[in-house]
Amino acid sequence: MQAGIAAAPKRAGAIAAAENRAGWLFAAPAALGFLLFVLGPMAASLWYSFTNLTISGKWSFIGLSNYRNMFSGNDIYFYHALGVTARYVAMSVPLKIGYAFLLATLLNQPAHGKSVFRAIFYLPTIVPGVAISMIWMWLLNPDLGLVNELLRAAGLPTSKWIYSKDTVIPSLSFMSVWTTGTIAVVFLAGLQDIPRHLYEATSLDGGGAWSRFRHVTVPLMTPTIFFNLCTTLIGSFQVFAEAYIMTGGGPDNASLFYVFYLYREAFTYTRMGSACAIAWVLFLIIMAVTALVFKTSDRWVFYEGGR
Amino acid sequence: MKRSIAVLLALLVAIALVPSMALAQEQVSLRFAYWGSGAEKEGIDKAVASFEEANPGIVVERMHIPDDFVTKLNAMIAANEAPDVSYSGPWKIQLGKDGLIYNYFEIAELDPSIAADDVQTYSWWNWSETESAGPFQASVTPSLMYNADMFAAAGVEPPPAKAEEAWTYDELLEAARKLTLDRGGNDASSPDFDPENITQYGIRWGLGWNGWYHLVLSNGGSYLSEDGSRFTLNEPEAVEAIQKVADLINVYHVSPSPTQASTLPSNSVALQTNRVAMAIDGSWVHADLALTEDLNWGVGALPILKTYESFFHGGSLIIFKSTSNLEASLKLHNWIINPANQLDLHRGLWIPQLNSWYTDPEKIELWAKEGEPGRPVGFQDAVMRSTFEHNNPSPENNVVNFAEIDAIVGPALDNVWNGTMTAQQAMDEAAEKVAPLVAGWTY
Chain L
1 MQAGIAAAPK RAGAIAAAEN RAGWLFAAPA ALGFLLFVLG PMAASLWYSF
51 TNLTISGKWS FIGLSNYRNM FSGNDIYFYH ALGVTARYVA MSVPLKIGYA
101 FLLATLLNQP AHGKSVFRAI FYLPTIVPGV AISMIWMWLL NPDLGLVNEL
151 LRAAGLPTSK WIYSKDTVIP SLSFMSVWTT GTIAVVFLAG LQDIPRHLYE
201 ATSLDGGGAW SRFRHVTVPL MTPTIFFNLC TTLIGSFQVF AEAYIMTGGG
251 PDNASLFYVF YLYREAFTYT RMGSACAIAW VLFLIIMAVT ALVFKTSDRW
301 VFYEGGR
Chain B
1001 MKRSIAVLLA LLVAIALVPS MALAQEQVSL RFAYWGSGAE KEGIDKAVAS
1051 FEEANPGIVV ERMHIPDDFV TKLNAMIAAN EAPDVSYSGP WKIQLGKDGL
1101 IYNYFEIAEL DPSIAADDVQ TYSWWNWSET ESAGPFQASV TPSLMYNADM
1151 FAAAGVEPPP AKAEEAWTYD ELLEAARKLT LDRGGNDASS PDFDPENITQ
1201 YGIRWGLGWN GWYHLVLSNG GSYLSEDGSR FTLNEPEAVE AIQKVADLIN
1251 VYHVSPSPTQ ASTLPSNSVA LQTNRVAMAI DGSWVHADLA LTEDLNWGVG
1301 ALPILKTYES FFHGGSLIIF KSTSNLEASL KLHNWIINPA NQLDLHRGLW
1351 IPQLNSWYTD PEKIELWAKE GEPGRPVGFQ DAVMRSTFEH NNPSPENNVV
1401 NFAEIDAIVG PALDNVWNGT MTAQQAMDEA AEKVAPLVAG WTY
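Chains as they are written, first to last, in this note's numbering: chain L, 1 to 307; chain B, 1001 to 1443.
Misleading hints may appear alongside valid ones.
[Stated by the list, open to error] Listed below are the simulated DSSO-like cross-link pairs for lysine-lysine, each with C-alpha atoms no more than 27 angstroms apart in a straight line:
1) B/K1162 <-> B/K1369
2) B/K1306 <-> B/K1321
3) B/K1321 <-> L/K58
4) L/K58 <-> B/K1072
5) B/K1162 <-> B/K1363
6) L/K165 <-> B/K1433
7) B/K1097 <-> L/K58
8) B/K1072 <-> B/K1041
9) B/K1321 <-> B/K1046
10) B/K1162 <-> B/K1306
11) B/K1072 <-> B/K1046
12) B/K1097 <-> B/K1321
Just so you know, the hints here were simulated from the structure itself, not pulled from any lab data.
Same shape as in the complex, but just chain B (with noise of 0.2 angstroms):
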C-alpha cells in the first residue's frame, strides 16, 4: 500500500513537471531594441507583435529607447545584457569588428525568409568584403516633393515624373524663379524682385549628405576616386555640383540659405502652407504628407546635371553574439525587416530594399499603388523606378569612416550655402582635414 502510493505520488510529481518541462523547452524570449517615434513605433510594435502570433513560443521584450540609445546600449554591452537584436547607426561596424555582432552573411541561411540575393546590391551594412552587419531593414531615397496647387497658380509645369524626363538643373530653376515671391507679390525673374523679403521659397534643398549628393553623381562627380585612396569631393564634377545648389540660395534667390530656413516649418507644413513649392528631402516625407488633408502633392524626378543618379540607403538591424536563441533572433530579424510585415510602414516612410518588391507587379500593388495618401500619382515612374534603374552606392555605407569624414565635411559646407566660400575653397580646405580619415570604400 505505502509503496503503490508512493508510486502514485512519483506519477503525480512527475506529470506536474511535464507541462513545466515542454514550456522550459518552448519558450524562447528575447529583446528587441529600437528607436523612433510615432509611425514607426506603432508599425514596430505591430510587427512584433505579429511575430508572437505566427510564433507561439517565442516571447518578445519590446525595448524602445527614443533617446540617449547609443549610452543605454553602452550600458547593456558593459553589464553583460546587451539586447538580442537591436536598432543600430554606424557604429554597429565597430561592433562587428569587435566581434560583438554576428556576420549575417555566415547565418542567413539559418532563416531562408529574407533571400539575400534579393537584398539590393549596395543595401548592406558591411564591415569587411566577407562580413555584414546585415542588410537595410528598409530603404530611404531622396526624393523632390511639390505642391502642383501653387505650380498651377504660377502657370508652371510640375517636374516631370519619369528619370528620362528629369528636369535639368536649368529648367528647374527657371521654374523656381517664378516660384518665388516676394512679399509684394514679385517672382525671382522680375527685376523689381526684393530678395531681402521672400514669402515664399521655389525649392527647399535639403542641405545633408543625403539631399546634394544625387547631384554631385549626376554630374560625374564621387566621394572618393575610383580606387578609395582620395577624397574627391574637391574636384571639378563635385564642385560645380556643390555651387549650383548654394546658387540657388545666394545668386538665384530661390531657395533658403539655412539661416532663412530655420525660420521655415518641416517640408511637409511647409508646402502645405504655401512657404515652399518644391522641396527635395529624404523620402519618409512622404508619411507625413499622407497625412495632409487638402494638400494637392506630387513627386517628381530628381533634377540632372548630366545623367539620372540616385541612390538608396537605410539603416539594419544587429544580432548580438550574447544571444541565447540565435535561431529565433534572426528569424525576429527578417520578420521585422520583410516589407510584406511593415506594410504600414512601406506606404509612406520606407521604401522596399528587396529586388522583387520593385519587379513583381503583386508586390508593387502592396506598398506603391497610386493614389494612396502616402503615394500619389507618378510615385512609380519618380520614385520607385527611378531609383532602383539608376541606383548607386550611398557613402554612408560605402565610405569607410563616412560619419567622421561628414563631420568635416557639413560643417565645411556650411561656409558654402551661406555665401562665405566657394565651394572650391571650402572642399579643398576640407580635402586636407579629411585625408586622415580617408580608407576607401566598402563595396
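The shape of chain L in the complex, shown without the other chains (with noise of 0.2 angstroms):
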C-alpha cells in the first residue's frame, strides 16, 4: 500500500515525460521546419538588408545604405510604393471583411439549398490567383467587359476601371471581395458557437431581429472579427498577383504594390540586398499595424466568461 502509494507519481511521472517525449517529437518537424526554412532564411535576409547583394551572390557590407535610400526618397518608389498600399488596404480591408461578416450572416440563415450556396461563395477562393486575375481583365475591361456592359444596359456612367490611374485601386480592392469565402467560412464558424440561449432571452425581452444583431451577434463575434481582422490586414499588404498580371504596377505606376515593387527590386533590378531591405521594412510595418490592433481590441473585443 505504502509502496503502491509512492509508485504512482512516479509512474505520473514516467508517462508525463514519455508525452512530453511524444510531444516534442510531433512538434518538431514544424518547428525544424520553421527554423529551417523559415527563420534561417529571414535571418540572412536581415544580414543581406545591409549589403549589397547581387545576383551573382557577391557582396559587401554597406550598413544602413539601403534603408538610408529608401526613406530618404532616393528610391523614387518607395513611399509611392508603401502610399499605394497603404489605400488598397484602406479600401479592401473594411470592404472585404464587411462583405465576408454580411454572406456570413445570411448563409447562416435558415434556408433551402443552404448548403450548395456556401459552396457557390467558397469557390471563388480555390481558384489559382492568376486564374482570377485574368477573369477579372474580362470582366473590367472598358470597351468589352461585362461590368461595362451592364451599366451601359442600365444606363449608368461606365469605368475605365483597372486602366486608369484614379480608377485601378478601388477596381482592385472590389475585385478583391470576390475571394473573401475563407473569411466567410471563419465567420459562419464563429456564428454556429454562439449559444441560442442568448437569442432567446432576447427575443423574450422583446428584442427584434436587429437588436438580437446589434446585442447577441456583433458582441460575440468581436474575437472572430478581430481574427479576421489581423489575417485580412497581413494579407491585403503583401498583394501582388493583381499587380504582377492585370496591371504591371500600371497605368503610372499607379498599382506598384510594395510586394510588387520589392519584386522588381530583386529580379528585375537584381539587387537582391536593397530587396532584403525593401522587405524587412514590409515586415515591421506589418508588426505595428498588429500590434495596433491587438492594443486597441481591450477596448472592442469581447470574450464570452472573459479573457
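Given two chains presented individually in distinct reference frames, assemble the corresponding complex, making use of the accompanying hints.
Dropping the structure here:
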C-alpha cells in the first residue's frame, strides 16, 4: 500500500515524460521546418539587407545604405509604393470584412439549398490567383467587359476600371471581395458558436431581429472579427498577383504595390540586398499595424466569460 | 604460371580501363539554360541536336526554363551550379561586373566560327569599353506590317518598301484615316465619323520604347545627349515625335489607346481579322504572320519625320566562368548564335546580326528569300536593307541603366497615350526622376 502510493506519482511522472517526448517529437517537424526554412532565411535576409548583394551572390557590407536610400526618397518608388499599398489596404480590408460578415450572416439563416450556396460562395477562393486575374481583366475591360456592358444597359456611367490611374486601386479592392470565402467560413463557424439561449433571452425581452444582431451577434462575434481583421490586414499588405498579372504596376505606377516593387527590385534590377531591406521594412510595418490592432482590441473585443 | 596469370589479369584490367579512360577524356558535358516558347524552343532544340551531332564528344544538357528564369538562375549560381552557357537579360551586365561571366572579347579567338568583326557594330552587350557579355544571339527590328486586302478595299496605296520612298508621318496619317472605320462604315476623314465606336483601326503603333524610338531618331531626337550626360527625350525633337504618335490616338482617332488596344488580339490576329490595317511592332511578328493561311500581308518601310532611321536589338548568350570546359562552351555559344544553324528561326522570328548575312547574296537567299511564308515581297527593301543601311545603336544595350530608366519613362508615357498629359509635360517630369540614373552611353 505504502509502496503503491509512492509509486503512483513516479509512474505518472514517467507517463508525463513519455508524453512530453512524444509532444516534442510531434512538434519537431513543424519546429524544424520553421527553424530551417523560415527562421534561417529570415536571419539571412536581415543580414543581407545591410549588404549590396546582387544576383551573382557577391556582396559587401554597406551598413544602413539600403534603408537610407529608401527613407531619404532617393529611391523614388518607396514612398509611392507604400502609399499605393496603404490605399489598397484601407479600401479593401473593410470591404472584405464587411462583405464576408454579411455573407456569413445570410448563409447562417435557415434556407433551402444553404450548403449549395455556401459551396458557390466559397468556390472563387479555390481558383488560382492568376486565373482570377485573367477573368477580371475581361470583366473589367472598358470596351467589351461585362461590368461596363451591364452599366451601359442600366444607363449608368461606365469606368475605365484598372486602366485609369484614379480607378485602378478601387477596382482591385472591389475585385478582392470576390475571394473572401475563407473569411466568410471563419465567420460562419463563429456564428454557429453563439449560444441559442442568448437569442431566446433577447426575444423574450422583446428584442427584434436588429437588437438580436446588435446586442448578441456582434458582441459575440468580435473575437472572430478580430482574428479575421488581423489575417486580412496582413494578407492585404502583401497583395502582389493583381499587379503582376493585371496591371504591371500601371498605369503610371498607380498600382505599384509594395510587394510588386520588392519583386521588381529583386528580379528585374537584381539588387537582392536592397530587396531584403525593402522586405524587412514591410515586415516591421505589418508587425506595427498588427500590434496596434491588438492594442485596441481590449476596447472592442468581447470574450465570453472573460479572457 | 602464377606470374603469367597475374600479368594476364593485369593486362585485362588495363584493356578494360582504356575505353573508359578515353571516354572520360573525350566526353564533355555542358549545361545550357534558355527560355522561349513554341517555335523558339523548337529551333533551339534543333540547333543543340545538330551541335551534338557535329561534335560527338560533347553532350549538352538542355535546361528549358520558360518562366521565373532569373529566380532559378539565381538559385543555381548560389548553389555553385550555374549552367555553362545561358540566355540572359540586361542583368548580364551585373554578372559581368561581378566577374561571373567571361569577357567575350578575350575568348573570341578560341573559336573563330563567328568572326567578331562580322558582328554588326552596335550588336554587342558590353559592360565596359573592353569587356563584353557577347554579341546579339540574333536581332529583331521595328517593322511596319499591313494587310494588303484592306488597303485594296479602301482604295489606298500600301506603304512603299524602299527607305528612300518611305512615307512621311502625314502620308501615313492620310492612309490611316481612310483605313479607320466606325460601326456605321464611316472612315476617320468623314465628318460623320464616330470615334466612340471604332471597328477597324488604321494603325496600331507599338507603345513600348522599341515602337516609338525610331520616330524619335528620325526627327533628330535621342535618348541621351551626345556626351551621355543628360536625358534628352524632353527636348523638342523627341517630344515632337512622341506627341505625333499620341496624336494618332487622341487627336485623329486612327490608332487604339492602350485601353482600346487591350481588347484587340495580338497583331498577327488583328491584321488577319481586319481589326487593324497596319501595325508597327517587332519583326518577330513575321513568324506568326507566316502561319496565317489566307492573309495577304506585306511589310513597308517605317514612316519618317526627317530622315530614315532604325535599329536592331536583341539579347545575348553568356558563358559562366564556372564552366568546366571553356572551349566547348564557346563552341556551343557560337553554334547557337550562328544564323546558319538557326535558319528556321531566321525565316520569321529573327533576323541575322552578322554583316555578311546582309551583303552576301548566297546568305541572303538563305533567310530573306522573298515569297517564303515569313518573307513577303518587299521584305529585302523594307526590313533587311532599310535597317542595315540606317542602323543606329538601340538604347537597350547602349544607355547605361536602361531597364531602370525605361521603368520611369514607360509609365510616364502611359499618360501621353491616354491623353491626360502632353509629351512635353510627361517627359519633363520623367527627366527629373531619371536624372540620378543617367550614366552615359556604352558605345
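**Message:** I'd like to know which numbered hints this structure contradicts. Please list them from smallest to largest.
**Reply:** 2
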